[in-house]
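Please build the complex by placing chain G on the supplied structure of chain P, with the hints as guidance.
Chains as they are written, first to last, in the working numbering: chain P, 26 to 297; chain G, 13 to 669.
Hints in this document: simulated from the structure, not taken from any laboratory. Mixed in with the good hints, there may be bad ones.
[What the hints assert, rightly or not] The calculated PhoX-like cross-link candidates involving lysine-lysine, where the alpha carbons are at most 20 Å apart (straight line), are: (1) P:Lys229 to P:Lys162; (2) G:Lys616 to G:Lys214; (3) G:Lys46 to G:Lys158; (4) P:Lys176 to G:Lys158; (5) P:Lys188 to G:Lys284; (6) P:Lys150 to P:Lys162; (7) G:Lys616 to P:Lys176; (8) P:Lys188 to G:Lys46.
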Amino acid sequence: MKDLYEPYVTDDGRTIGGCLMEMKNITLKFGGVVAIKDISFDIREGEIRAIIGPNGAGKSSMLNVISGFYTPSEGEVWYKGSVRPMMKPYEVARQGVGRTFQNIALFEGMSVLDNVMTGRLTHMKASLWEQAIWWGKAEREEVHNREQVEKIIDFLEIQAIRKTPVGRLPYGLKKRVELARALAAEPSLLLLDEPMAGMNVEEKEDMSRFILDVNDEFGTTIALIEHDMGVVMDLSDRVVVMDYGKKIGDGTPDEVRGNQDVIDAYLGVPHA
Amino acid sequence: MTANATPTGDLCSMPALLRRNAREFAGRPAYREKEYGIWQSWTWAEAAQEIEWLALGFLALGMERGDHVAVIGRNRPDHYWAMVAAQMCGAVPVPLYADAVAEEMAYVLGHCGARFVVCGDQEQVDKVIDIQDELHQIDHVLYHDKRGMRKYDHEHLNWLHDIRDEGKAAHFRHEHELAKREAELTYDSTCVMLYTSGTTGKPKGVVLSNRNIIETSKNSSEFDHLRADDEILAYLPMAWVGDFIFSMGQALWNGFCVNCPESAETMMTDLKEIAPTYYFAPPRVFETQLTSVMIRMEDASPLKKRLFRHYMALARKVGPQILDGKPVGLVDRLRYAMGEFAIYGPLKNTLGFSRVRVGYTAGEAIGPEIFDFYRSLGINLKQLYGQTEASVFIAQQPDHEVRADTVGVTSPGVEIRIAENGEIFYRSPGTFVEYYNNPESTASTKDPEGWVATGDAGFFEEETGHLRIIDRAKDVGKMADGHMFAPKYVENKLKFYPDVLEAVVFGNGREMCTAFINIDLTAVGNWAERNNIAYASYQELAGHPQVLETIRSHVEEVNRSVAQDDMLSACQIHRFLVLHKELDADDGEMTRTRKVRRAKIEEKFHDLIAGLYDGSESVYTETEVTYEDGRKGSISATLQLVDAATVTPRHHKVAAE
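With the rest of the complex left out, here is chain P (with noise of 0.2 Å):
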């Protein structure tokens, strides 16, 4: 099995290494309803991960599953080489695992800077009584984490709206925040939840190079659901189709495209 993991270079150079996370015969059941069926599948160091399906098809809640919000009924989670332990989402978010959301979920009455700044939380080691007295320690750590929040707005190029309460953004530029914020805390795993919904052609552009930025000159790995076959197709290197809490195809875009039962789950098929 290990050879599996054996690293590789795709064709834009970029290193693929081996497993960082991997889910194993994971099912979610929320009383009688099995959001999740006996799913696995696993995430490579690097890469691009892409989640897709139906509406209803359980993306979510998988992606809710890695995150720590949801402990699966059955199965393991296997992150950075051991099963991970029942835990709270903060811990989970602790452990290098960001995330952004379907519905945007930002301070709307703080500024973007401050957006940013409260993903750099996992990072504040200095204790309440530090931040009170505010000299030595805390101011320390005020100016490198604002060192490495700059660096992100520079990276994601929203200079121009770093003193803008959210509230005044437009819903693409919100997006790209939301993303500033999930990087701030500099994660080795990054979930975006339909980082492209609601987005004109433009926006999805700007958004991918984000993307595949982040990827990379950070080297994060990125799991993401999308509902642009198009993009998501172009973006990922491996690509999980999930229907009716079932896992019905996994691979390369290619593969997944050929794959039958995806044909069926995306065009429909009668049900006899």
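Okay, now just chain G, sitting in the frame of chain P:
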């Protein structure tokens, strides 16, 4: 005369000026750039050191005397340094427009035979790599911003900072050579080569010598009393001669500080933070700023609105007089001081104009209302007239003699002659050396005595000695009935309305004038929002009946004003249409400096022009458009052609009586 002026001491090149500044202003700020949200600054001593290391690095890469070094990117200290470093090595910097598409860039790079290209970021590097296959002369591509560059083949590609480090490490090996190259620079060495925007045909490379740049910088600095403690914001394209004079020539001559914004979008914020003392902007920037102020005032509370209106009315009445040092009553002075405290001061602060001592606008005519608005706030905004071939300055307005309709008196050191057909000729120490590799054009523009044709028609006002520009000499034509046709004159009147972004008037050799109008999306969009008018696209808004009606009222007002002018009363607009797309440099309809390319537009939209003259009520058209990434597409539209009322001119009435 001044054309043979000798340098002051040994200050005969940009590097020499840099060395002097490093000695005399060592600890004063020379360059600032906002990076990661903080203004980083370099003193003259530090800048000189950085530039020297960069120059040593260039030598290590094998830069030869006379090589052309293209610089493509937005204004940042690194790019200015690369230009001076190239000059140190005896090479010639060639700044290019960063927003040019690959094929435009290919022409210029091929024409100057650039061996080195300094790029700002990946976007520019990509363009250069795209065209490198056709142009084999490019030996080294250097870039400033590392982002996204890791995977590129770095055989002929280098990070600018690495080159600087290499130069620093190799200084023992190359110092001697660098000193030798610097000592070789004379007042007649080429300082820079700038490509003209090319309103007609291919761009031409204007060669400017150290004499041109330094003499011009010296004269213009004395004219406006510029000092070492001045501050400017460098935000205009580096390829434009104005930026070269302000941010390189005058900055090095006076030793003042050049501030580079964080990015193009943050320019307004950065302007406010820096509050420059010396500022230049084309009319469009002043228009945009005024529009945004007015839009925000519309949304302000009634009290604020009333205060604003009250004090702006006062400012319009007495502001310009106070600025010009003319007598104003004590009561009005006191009221103006109150206004300064309540309105003008805060407004200037928001706009970033709190400290402006000298402000200039040029390139296009500025609307009198816009001009007076800024003047009435106490901002010393003036106009100048110039061109690349003159190292900018031909005429400019002295303090206290500022008017909206002239471009001022002859600049120091310049001689102006008006030909019989009204065309303006000039001769000055700033007059360019030649067009690169183009002796025919050089000969047809500059005569053996050094007089250069500007291509503009104008005249001196007798009582004041101020120069007035009418239009491009070649655009001034005759209508079918023999009346004078000066399109720019009418277009400028139209463009003074905030709703109108651009206008193109036709009528040369025809019996009546017609016009294309571009609406201003910000102004008209805001109007639509306030009037609950829904629209999905620029095209839809441009074709909205109420918009057409508004534009018609503007056109008719312009007709009334044009009819007042005896010489040009025939240029009234009889029919017009509102274009379905914005005129764009990417489509070749405008130059990169946003001047209308009349011939190109006439050719491209010939069907629309035909419609305007054959009396039809609407025209269906398809237009090719170029997207920012160079791909092509097309848009189609059915345009309404609108008739506008005209006024019988005064002298016609007289004749009829």
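Now the hints, each set against the structure:
| no. | hint | in the structure |
| --- | --- | --- |
| 1 | P:Lys229 to P:Lys162 | violated (41 Å) |
| 2 | G:Lys616 to G:Lys214 | holds (18 Å) |
| 3 | G:Lys46 to G:Lys158 | holds (17 Å) |
| 4 | P:Lys176 to G:Lys158 | holds (13 Å) |
| 5 | P:Lys188 to G:Lys284 | holds (14 Å) |
| 6 | P:Lys150 to P:Lys162 | holds (9 Å) |
| 7 | G:Lys616 to P:Lys176 | violated (45 Å) |
| 8 | P:Lys188 to G:Lys46 | holds (15 Å) |
The structure is inconsistent with the numbered hints 1 and 7, although it conforms to all the rest.
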